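Engineer: Residue-level listing of the chains:
Protein chains: 4
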Amino acid sequence: MTVRVGVIGAGMIGQDHIRRLTDVVAGAQVTAVTDIDSGRAAETAVRVGARALPDGPALIAADDVDAVLVTSWGPTHAEHVLNAIAAGKPVLCEKPLATTAEDCLRIVDAECSYGRRLVQVGFMRRYDAGYRQLKGVLDGGTIGTPLMVHCAHRNPTVPDAYHSAMAAQDTAVHEIDVLRWLLGDEIVSAQVITPRATSRRFEHLKDPQIMLFETAQGVRIDLEVFVNCQYGYDIQCETVGETGLARLPDPAAVGIRTAGQHGSAVLQDWKDRFGDAFDTEFREWIASVEAGGEPTGPSAWDGYAATVITDATVRSLESGQQPVTVDMKPRPALHGGPA
Amino acid sequence: MTVRVGVIGAGMIGQDHIRRLTDVVAGAQVTAVTDIDSGRAAETAVRVGARALPDGPALIAADDVDAVLVTSWGPTHAEHVLNAIAAGKPVLCEKPLATTAEDCLRIVDAECSYGRRLVQVGFMRRYDAGYRQLKGVLDGGTIGTPLMVHCAHRNPTVPDAYHSAMAAQDTAVHEIDVLRWLLGDEIVSAQVITPRATSRRFEHLKDPQIMLFETAQGVRIDLEVFVNCQYGYDIQCETVGETGLARLPDPAAVGIRTAGQHGSAVLQDWKDRFGDAFDTEFREWIASVEAGGEPTGPSAWDGYAATVITDATVRSLESGQQPVTVDMKPRPALHGGPA
Amino acid sequence: MTVRVGVIGAGMIGQDHIRRLTDVVAGAQVTAVTDIDSGRAAETAVRVGARALPDGPALIAADDVDAVLVTSWGPTHAEHVLNAIAAGKPVLCEKPLATTAEDCLRIVDAECSYGRRLVQVGFMRRYDAGYRQLKGVLDGGTIGTPLMVHCAHRNPTVPDAYHSAMAAQDTAVHEIDVLRWLLGDEIVSAQVITPRATSRRFEHLKDPQIMLFETAQGVRIDLEVFVNCQYGYDIQCETVGETGLARLPDPAAVGIRTAGQHGSAVLQDWKDRFGDAFDTEFREWIASVEAGGEPTGPSAWDGYAATVITDATVRSLESGQQPVTVDMKPRPALHGGPA
Amino acid sequence: MTVRVGVIGAGMIGQDHIRRLTDVVAGAQVTAVTDIDSGRAAETAVRVGARALPDGPALIAADDVDAVLVTSWGPTHAEHVLNAIAAGKPVLCEKPLATTAEDCLRIVDAECSYGRRLVQVGFMRRYDAGYRQLKGVLDGGTIGTPLMVHCAHRNPTVPDAYHSAMAAQDTAVHEIDVLRWLLGDEIVSAQVITPRATSRRFEHLKDPQIMLFETAQGVRIDLEVFVNCQYGYDIQCETVGETGLARLPDPAAVGIRTAGQHGSAVLQDWKDRFGDAFDTEFREWIASVEAGGEPTGPSAWDGYAATVITDATVRSLESGQQPVTVDMKPRPALHGGPA
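Chains as they are written, first to last, in my numbering: chain A, 1 to 339; chain B, 1 to 339; chain C, 1 to 339; chain D, 1 to 339.
Okay, chain A solo, but in the shape it has when bound (with noise of 0.2 Å):
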């Protein structure tokens, strides 16, 4: 069976996610498209041979369209899947969920109401080899209880349109995400100090950033976020627990011995570091709708908890970068909280 998929969201990272499942995945079909430009939406559907459709409700209504696809511009998000869930269709929504902690509140009801998970939250990096590999180490016990994990996270640049509480919001979200899956645990603190920030960017940037969260079982988490590091993407994790510690690799990467020099090259880009990530995402979110049964991936609550603890790293940037208490609601039993 070919997994029909409908995609709301036409833009670079729609167009990316549209390759996948017509070039990359096996077992997947583009049916439908739709996008604020119908222009683009009608390029782009004649392009791999799908309709375009007016807009989101159209689309999701669509008999030839069994999976949603949510890669609009952020604001639209909650729409979109609280349409999908009222359709009972499977629905990937790109990063964030919503921009609101309310609306991804409303989207978790909404599923809860339906009885079943439909929603699956686009953080690619639980389908990073190394990230699995680490939790591979951390749940086979070798370094023992977690206690500490220090992370970095570096782009080279950003746009100018980058501003500062980004960094927590676009940024160091996917290290928010892949922590708490990565220990199982919950972020109930969170702080941001600021260093002296890097001469290289426009002045009211505050870059870089260390974000300091702890969790409900004492681990302590500190994570540099640095998005004009220069030199290139670079994603580090290390976890120390009470026996060992693990860390995160690097990308393989040729040794090369030249001119009084041994290295290897730098990614310098995020795609290029989580490309294969994006491709096992998909391929892994297409069986799960495949088999019929609920998405495997990040869930609609742990959407919410990234939006919430990402608001209270905000807040604590804004607010004299004093540590933040995060305040979630009860999780509920369909998202594995007590029945």
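Heads up, a few of these hints could be off.
A pair holds if it fits inside one copy or across any two, identical chains being indistinguishable in the list.
Cross-link-like lysine to any residue pairs, in silico, SDA-like; alpha carbons within 20 Å at most [as the list claims (entries may be wrong)]:
| hint | residue 1 | residue 2 |
| --- | --- | --- |
| 1 | Lys206 | Val314 |
| 2 | Lys206 | Glu242 |
| 3 | Lys135 | Ala252 |
| 4 | Lys271 | Ala252 |
| 5 | Lys206 | Arg247 |
| 6 | Lys89 | Arg201 |
These are calculated hints, taken from the structure and not from any lab test. Quick caveat, the model's predicted, so the values are computed rather than measured.
Given the coordinates of chain A, work out where chains B, C and D should sit on it, guided by the hints.
Structural biologist: Frame of chain A, contents of chains B, C and D only:
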């Protein structure tokens, strides 16, 4: 368009490739299967929604077979490949292309008579991300003209049926192909020298072996083949040029510090090491078939060359460990030889 | 000329330094020894051909003592160092310079009154080849203006007498000194946060601790102190600047592949990790004494600064884990302050 | 007790060792110097407070010379060493022990007649921390019985006077000695094969060379000697045994990430690579002299063996690149041979 593939040979490798064509690679479908064990063919066909056909000729002739995959027993390869050429259908043949140089040459000749390339040989290393990076470094001139290559091919262990000549025929053949491609050069002589044999294996087996190759350009290659190295599956390749060296990366692995050791796991299975390479190999092969062009991977000529070179290597091993000249026919125009 | 050294304190560290001065460092001779245990002093003196003297003052006054090494119990350091200054003799004092900031300041004042530097404090990391390389990289501008430093100081285990304040006083004090020197910057605030404690150690000990420092230039330092990490003695230091990062190397170690693992041994003992640094420290100290100049190593002021900063760190630990401002006196002209 | 050393030969190496004996190694003093250039001897003597003596015999005979260091021109080594044996004085002779196997043998015989070992040859690699670690791993059985060794010896460049035979005589001789010691085994045949020569050096030089050795136990060694590799001074040694492999570590170096590269500096000079090994060599030699025992380092027999093996290597290079059997005399009882 979906490429409809007929598979000849549903043994272990065949099954793995059928899974790959079905579950992993987009745009492909296995429509026909045959196997010397007709029951196995039937079961497999049912499982993937294909037809079981009585034999190779029937499969190659089938209307719903656009391209042929040969994964049967080595001695049968030549016949199936020649039949596919006669039928004008693209064929991907697992290594070896044929078990004798003469048969390889018959295939090369048949393809030349047909007038365009149809055959690809299943040397998957050319699709490994590490080797591709390495080729990029070599081609980019970073290390200057290559002068030497140091390689190792280590397996944790091999089955009892493995005999000394297989070190060249089954094991080193992968380095032989990938080095010809990496260097863009031809191997002109081969020699084997045998260190003290490991006591960890049956007595008649010469293991390890050190193979020495020389290329037309004077590059010297040393290759350790050690198929009972105990510790893991480990592929090493270091190319030394006039101004530097470049080394195939080890697979990315979580770094762990525990109990007085800093380390990471070594893979145990070639299928883990080259699984992604196989996926890429098939993805690109399917794409070339879909595009209606010639295959872009290892050619019949490459299959012939690998066989002639492994023959010379085995001859050196069996006749006093002296250098043996590789006696290769002139390269036909279809394969880049003089017109 | 041979520098004649008198040693106050012949305990474990004292014995190691006596061996160093006798067997390792050229141009030095231990001529006098004193210890609170006069028997131990006598035995030691006999063994190395020195005189046993009754106490510090007698040793400092001795004609055949050109320079004084203080390796006695911490609370006695200040008195011996002050006496050496009064006698106008160079003195190398193991850390801490004194157990209170007030005593450190008395030493700084005494030295200023004397008019030239006589005191060196035994912070050996400045003599470690790796830290020196790292300082070369920082000073050379390779990574631009430093913005952050991520450090870890891990011991496999500590004795029962170790208490929570010692994490700053005995352990982190090495990072505090070496980071001030690496960055050429002053630490102006300190904070401790405590992750979930390891269960592998006695209950009252807060281990691990995460220390956060801020410098006058706004550099943010995070330092994991984990003194029961089980797996080994491991020192990490990564400096992140505006254009890159530089990382303290791990000690060179044989790489081993066996039994499915690629790895190398982690050191277990700080004496193995910093043995060469101690040798260099003493070699350079002896050379400075022989040359008749001022010591080139960590000064009394550095000893004072380290004490004030560790005091602030302990205060943060013991009083709610809030940031504590480091309250340092003005730097005197003799130590690079304003004239 | 201070060991009083007389130095024959005050050229570049001699000066470096005089500095070492004076400034670095405790318990040693250079008391006499001679050189073919008497002015240089006089200047050097004044500088370090020694006497300048007219020639080797006078220096060896001097009452204030306990031990002799020979760092003169290679062809003069044998005479000085024989004289030192005749005088019953310990002698450390820089490599080569003598320029011919015959002269080496005369030294071995003279020492045997004298009845105890006096001679140490200056092969410093046995004192390198990395090689010592590697020997510990081999002797500890971690990788099982050794079967193969893969080595490389690379220099960034060499002076014009360097000729093809020196690749064995001056360069590979270090591996020849250290491998005999590492493996506790004897080299019984040698062969050289020559890759395409680098264009970065004068035409008559065969560079690189690949040397193949076989030991009495059947271990196969391949050694790349590449003395104009451009990029740095780089020593590699990987030993493969029945159950694993062990690799000489690269020197510890600060890891740097900047401008799209992760890397570290490669050393350029053998004196940086083996400076610590020289220090240890001299420290242990002085200690053995002071203790009145036999030297613990490479013996006259080791010097003889190295010369015989390099002779065989050169013979292979110059006569068709065939394997050449190493023709070594029976090992005398003084050097571990049969009594």
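Engineer: Checking an output row: Lys135 and Ala252, CA cutoff 20 Å. Within, between, both or neither?
Structural biologist: This pair counts as both: shortest intra-copy Cα distance 19 Å, inter-copy 15 Å.
Engineer: Go through the copies and call it for Lys271 and Ala252: within, between, both or neither, with a Cα cutoff of 20 Å.
Structural biologist: Both: 15 Å inside a copy, 18 Å across copies.
Engineer: Using 20 Å as the alpha carbon limit, work out where Lys89 and Arg201 are close: within a copy, between copies, both or neither.
Structural biologist: neither (44 Å within a copy, 52 Å between copies)
Engineer: When Cα atoms must be at most 20 Å apart, do Lys206 and Arg247 count as within-copy, between-copy, both, or neither?
Structural biologist: Result: close neither inside a copy nor across copies, 28 Å intra and 24 Å inter.
Engineer: When no copy is specified for Lys206 and Val314, does a C-alpha distance of 20 Å or less occur within a copy, between copies, both, or neither?
Structural biologist: Only inside one copy: Lys206 and Val314 sit 12 Å apart there, 30 Å across copies, limit 20 Å.
Engineer: Treating 20 Å as the Cα threshold, decide for Lys206 and Glu242: within, between, both or neither.
Structural biologist: Intra 34 Å, inter 13 Å, cutoff 20 Å: inter-copy only.
Consistency note: the structure conflicts with the earlier hints numbered 5 and 6.
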